[in-house]
Structure formats: C-alpha cells, structure tokens
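Colleague: Residues per chain are reported as follows:
There are 2 protein chains.
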Amino acid sequence: MSAQITINEVGPRDGLQSQSRILSVEDRLQLIDSLETAGIRRIEVGSFASPKAVPAMAGTDRLLKQLDGDGREARTPRTARASRTTYTSMVPNLKGYRFARQAGAGSVTAIAYASETMAQRNVRMTLAEAERAAGDILRLARDDGVEAIIIVAVAFGCPFEGDVDPRLVGDIAARYLEAGAARLVLADTIGAADPAQVGQLAAGLAGEHGAARLGCHFHDTRAMGLANVYGALEAGIRWFDSSIGGLGGCPFAPGASGNVATEDVVMMLHQMGFDTGIDLPRLLAASDLATRLTGTAPGGRAREWLRGHLDKPASVTGGRP
Amino acid sequence: MSAQITINEVGPRDGLQSQSRILSVEDRLQLIDSLETAGIRRIEVGSFASPKAVPAMAGTDRLLKQLDGDGREARTPRTARASRTTYTSMVPNLKGYRFARQAGAGSVTAIAYASETMAQRNVRMTLAEAERAAGDILRLARDDGVEAIIIVAVAFGCPFEGDVDPRLVGDIAARYLEAGAARLVLADTIGAADPAQVGQLAAGLAGEHGAARLGCHFHDTRAMGLANVYGALEAGIRWFDSSIGGLGGCPFAPGASGNVATEDVVMMLHQMGFDTGIDLPRLLAASDLATRLTGTAPGGRAREWLRGHLDKPASVTGGRP
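For the record, the sequence lines run as chains A and B.
FYI, in the working numbering the residues of the first sequence are 30 to 350.
FYI, in the working numbering the residues of the second sequence are 30 to 350.
Just chain A, same shape as in the assembly (with noise of 0.2 Å):
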C-alpha cells in the first residue's frame, strides 16, 4: 500500500465560499501561496459559479490567470514552485466550465448529486439535468485535454433525503470513471458519515475501480472528520480533500460546518507515517494567514497543540507528531 498521500487543499473555494467576509482576488492568492509555501501541491483555487449565487468566487478569472499565467514574474516566492501544483477549479455547469477555459484552466472539478433534492436546492437542476451537465463537461474537458475530476456531493447522507443508497453512488462512480474521469472523490458535504461506512462504500468502489482514481472529502459536523479519514485509509484510498484550518461548509445544505481541517488529517497522517510533502509549522502559518483574511475563529482541532509541540523533543510530545 502507497505510503504518499495527496492532500487536495479546497479552502480557498469550499472555505472561502461560506465566508460572510469576501477576500479579494491578491488576498486569495497570497493564501494559495501560503498553502504552496507549507508544500501543498493541489489546490482547489475557485470556483466558476455565477458570481451572483456566490459572491465569494468573483474573480477566478483573474486569479487562475495570475496563478498559471502573466502575472506568474511579479509573484516570485510563488513562481517558483508553481510548476509543481496542480491548480484546480469547480465549475458548476458548462456555462462555468467555457469560462475556466478562457481563463486557461488546466483541471476543472464537476459535482455530481446523490440525491435530487440536493441538486435541486444546489444548482437548481434536476439530478437527470445535473448528470448530463457532468457528463458533458467531462466530455468536452476530455477533449480540450484538461484534467476533470467529479466529486459525488452527499455522498453518504443527504440534509433532504437522509440515508443515500451506497448502490447509487456506486453506480454514478462507474458512469463518470467509465467516462474518462481523472478522478472520483466521495463527499461528505454535510459531516453525516461514519467509519464503517466509509470503509465499506470505499472498499467496494476501491475494488471495482482501484483505489489509484478515488479520494474522499470530508466534514467534521459529528467529530468523525479524521476517523472517517482512517476508515478510508484502510480502504486504500490516497486522496483526501481538506481545508486549511477548517474553514468551510455548505451554504446550500443546513447543518453542514467546517471540512476537515488539513492540519488536523496532515498531523495523523505523519504520525502513522504517510508522506504528504507538506511542513506542519508552514502549514500552521498558512492556517494563521486564513483565520486572520477571514476573521474567523480557526476550526481545526489539533492546531494548539501542534502550536505547544512542533518546536519540542518527541520526548516530551509523547511521540511523533
């Protein structure tokens, strides 16, 4: 089993979407470049979204262009390293996906709804309306040669519906890795997952697919943000999206807080000896940078005491961090 563990950051578009304060586009980009700074090398940027149903993401354009693009010479400490990310950005239907490409986008992320009413109140599209704009989006992307990875929103439970039959998620898996997507990551969306069934959708899927195309993504709603992790460690899964600090939440589904935030999954990842290519110590500092741009209080759990033992002998931290 792969010890290397792709940390997908998404805090500066699943974070920063649900922020009632709205960063501009140089404040964005100076966290992007905190979280590459702390070697993070995947990086959900933005988002494609109607600027009017998420105020947050306005501007993506010009970021994705200074991060890819013209503005790479001005930004230095960035630059780089910039070859070696992987910046990617959601977009929502095929209107938003024309607009990632204009902007020169190289990976793009489509939703895909396990339950109706979810993408009803999401993206105001019936779930049939919903797959076929992910299908033709994965489809044009195919053929623009541009990366696109589907995650299943609702995964394991619905805010609408409750309980989601794992055989539907099994089956919109098949269609979209069938159909040439990079990868199929399971969501969360609303922290309603336990362990156990995470191990067990992941590991059916991990058998049929390979592990290699999945990833899951996580809230920390219940506590059971870093179990549910470990639950899909075990089933081979390699890829895990979080949120620096924890920042996060759905503002179309109720009861959804913050995603798992990637100091707390980065500190048990290291400590069960996976590789992540990411410093703790930066990534706290990159953590700090995103509770002081968005004047929240940070939601990650493990951060005070990495604060109190990063800098100290294993001796006295009682083990490894």
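Careful: at least some of the hints might be erroneous.
To be verified - Rough simulated footprint, nothing fancy, chain B against chain A, three-plus residues with beta-carbon under 8 Å:
1. 223-236
2. 243-252
3. 255-262
4. 292-299
No lab work stands behind these hints: they were computed from the structure.
Ideal placement from N, C-alpha and C gives every residue a C-beta, glycine not left out.
With chain A held as given, fit chain B onto it using these hints.
Modeller: The following block gives chain B in isolation, referenced to the frame of chain A:
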C-alpha cells in the same frame, strides 16, 4: 462480532479530579444519578487516593456507601436501577484498596504503568514498586471476591519518555491477565495514540488474550479520540472508557487534555449500529449537569450537533444519529 458495547463512564473520577472546582459528595451523587438515568451501567465513581494529593476525590468512601448501602432508600429514582450498575473506584495503592473495601467496594481499578518516569511522577513509585502494588491489589481483590480492573497508563506514549514499546505493554497485559484481572484497559493517558497504532496493539492483545477481557481509554488531545475508538473497535474491543462532556485530563501529565466525550463515542457507536443501552437525549442532560456543576465549558464535540438534531426526523439529519 458482538454489537454490544460497554461504556465505562469515568467522568465522576477522571473528569472531576482535574477540575479546579471541587464538588460535594451530594453533587457527585447527582451526576452519577444522571448518568445512570441515561442508561450507563458501568461508572468509575471516585478514587481512594490521598485526599491531600487529590482533594476532589475526598469522601469517595461516603459516596460509595450512599450508592451501595444505607443511603439507598432515600434516593428512590436511582435506587430502582442501582442493582444493575457496577460502580468501580480507582485505588492507587494497597492503602487505597483497604479504604475501598471498608467502604464496601465490589469493584476496584488499579493502575499499571508503561513508563518508569510516569509512575514516579504520578504515584512516586518506581515502575517495579507500582507493579508490585497493582499485583498485591489484584491478589487481595481475588481473595475478597472483588472485581479488579487494571488500567495501563501511557500505553500509547508517555509525556516524559516519548514512544512506548508495544512489547512492554504486551508483557504488562499478559502478567495482569494471567494473574486474574477481570479486565485490562489500555489507556492513552495523554492523547498520543493514532488509530493505526491502536488497531495494531489491540489486535495483537486480542489475538493473545481474547478481546472480551480488554478495553480502551482515549483522550481527544490531538483530535483522534473517535478515530482511535474506531481503530480499537475493528480489533474487536467492546469496552470503552469515556467521560461525560469530555471532562478530564491527567493533572500529572503535561499536555493531557480532555477524555474522549461519552456523547461523542455513543453517537458514533449508535450510528454504526452498535448497542450501548444509552439514551442520547438523557446523556446530553447529564452532560449539561456536568457542565453546570463543574463550571467548565463542555469538551464534547458532537454535543451542539446532537442538540440541534435529536428531535428532528432522520430525513433532515442526513442519516441516523
């Protein structure tokens, strides 16, 4: 694999002994009553440590007499259930054991140490002296027909010595189980464990001695409390120490914060289909009482979510609580 879990509530001892506010015996009884009302059938009710060393536990003899003996009649609501609940008390040494017996204890919990420095700091004994003390308690208890639980402190990491050799823990476990301990509980005193480490140690011991005589005790210091419970569950462990409202931490171990909260553990267990015999709304009432009596902020993490969702149908909670 059994779906029946024993929750050994340690709040009245492990939780209260580290609080700055010292509760009266009557308040402690009230808390124990509320825990029994919620359906908890195993409670660590106090400690026979020296009242000078642990002032919060003074009067445990009176408390135990009230629970088991003459005080019964006056306390009707609990009395009806008392015969079904087992109360255990911490006995740090032989003197403590004798006091416990005088108070009529039918179950005692003695401590073994997986680290020399921790033994010296916690009970001012060498590891060998502490071993001898626990062994003596075990022998006496056997002769007296008293249940003896052995808890292995710092089994997953020590604040003074760092990593703890799992073979050392294995030796300790074998010694006490062969000497007739009713149950051997692996304690992550400072919240240093990760779920992979827990799974490995617990599975090894379960293979050797059977899971039915084992238990685990976790702290949530590094946010891995529930992940560790899950790791232990997978290894067959069906006994968990936990503390109402996450009260606790070890006063002699730097960096140790709260125990894993009973409400968090029970929520996860119920969601995964395990049976604890505990009623969650009543458990939250006990948690409120613990908070009120101790004047502390509640440490449990699922509490707010539970409070908002227990009265709602499953369809809006996104699955079972």
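Colleague: Each hint needs a verdict: does it hold in this structure or not?
Modeller: Hints, verified against the model:
1. For the segment 223-236 of chain A, the stated coverage by chain B holds: 4 residues have a C-beta nearer than 8 Å to a C-beta of that chain, and at least 3 were required.
2. Counting residues of the segment 243-252 of chain A whose beta carbon lies closer than 8 Å to any beta carbon of chain B gives 3, which reaches the threshold of three, so the coverage claim holds.
3. Coverage of the segment 255-262 of chain A by chain B holds [criterion: at least 3 residues with CB-CB distance below 8 Å; count 5].
4. With 3 residues having a Cβ less than 8 Å from any Cβ of chain B, the segment 292-299 of chain A passes the three-residue criterion, so the hint holds.
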